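If you want the building blocks of each chain, they are given just below.
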Amino acid sequence: MKRSFGIEGTRIALAALFLVACGAGRKEAAPAQTPASEPASGAPAEQESAPKDEEAASDRARGEAPALAPAPAAPAGGAALPGSMKRESKGGEPLDEIDVLSRRLEGALSLSTPDCTSAWSLRDRICDLADRICDLAGRSAERDVAERCSDGRSRCERATSRVRESCGR
Amino acid sequence: MTRVACATVLVLVALLAGCSATRGSEDWVAQAESAHHVADERLAQGDVDGARQVLRSATETSVPKKTNPEDARVVRQDLHYRLAALELSQNRPDEARRWATAGLELGRGTDVFTANLYIARGKALEKQGDASGASRDYHDALLITEALLDKSLGKGTP
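The listed protein sequences correspond, in order, to chains A and B. Residues in the first sequence are numbered from 776 upward in steps of one, following my numbering. Residues in the second sequence are numbered from -6 upward in steps of one, following my numbering.
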């Protein structure tokens, strides 16, 4: 009995140690979850309407960003956040099932209600990039640049029609 | 009973190790995020070299073993993009191109992180007078953005 109690005691102590260690870890790491819940560099600007050339700097880059700022992140389905941060509950337990269900729900929602703000922003970005390429084509005699300009313009038009069809405006 | 105790201890040790690995990844991500904030502060004070140094140091930090490779890629690419953007702002296209290329060598995904690096490198190439290279990078960024739009609309590419 005594021995059994010892083992139980050890088990309880170790379990407590585990909980304390992991719990402490969670608390210490908590600040990391905040940044992870935000889009990474450039992404703050991504939520805004499509920035025009030379104005499109991310909050973080503060003017250092390239003329064409980053495209929309999470809502558009891009890899916006480090997944290891999102996949855990506060208690450190993986939320696989919830995660899977959330993704299904996100998928279903995206099928029925497209994120029009993101969609327009992405469309604007496509057209900005096409314009940029065509600016280059105007200054260059290289054929590949002209071809990319033409392709970019068609993609811009197609993106415009698709977003208009889904979101109106 | 001893066997049970040993098994329990081993399980707990394994759990603790897993817990510690997760913390390592979180700490690493937090470090990267912190580097961005410190760089912001340095830039606000006009200390471009300081900002550059902080960001460079962050890129040199080794990634914890258990970190999800895609997470590691985007966090590192974000730092590379930031450095490329910083160098562009300082009119140093060679350096900007180097950082953007190094970022792209970490992997390419259909996401903003990869698109940002293409755009940054395109800008650098444009400044260097390489219209063909710049247009190629802008076009690659455009294709990624188009794929993101497809996802946003919940449709496949027509």
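Hints were generated in silico from the structure; no laboratory data involved. All of these numbers come straight from a predicted model, not from anything done at the bench. Any given hint could be a false lead.
Claimed, not checked - Selected chain A positions facing chain B (Cβ under 7 Å, derived; list incomplete):
1. T892
2. I901
3. L904
4. I908
5. D910
6. R923
7. G927
8. G943
Beta carbons: idealized from backbone N, C-alpha and C, even for Gly.
Going down the list of hints, with the structure as the test:
no., hint, result
1, T892, "9 Å, violated"
2, I901, "5 Å, holds"
3, L904, "4 Å, holds"
4, I908, "5 Å, holds"
5, D910, "9 Å, violated"
6, R923, "5 Å, holds"
7, G927, "6 Å, holds"
8, G943, "13 Å, violated"
Comparing the model with each numbered hint stated earlier shows that hints 1, 5 and 8 do not hold.
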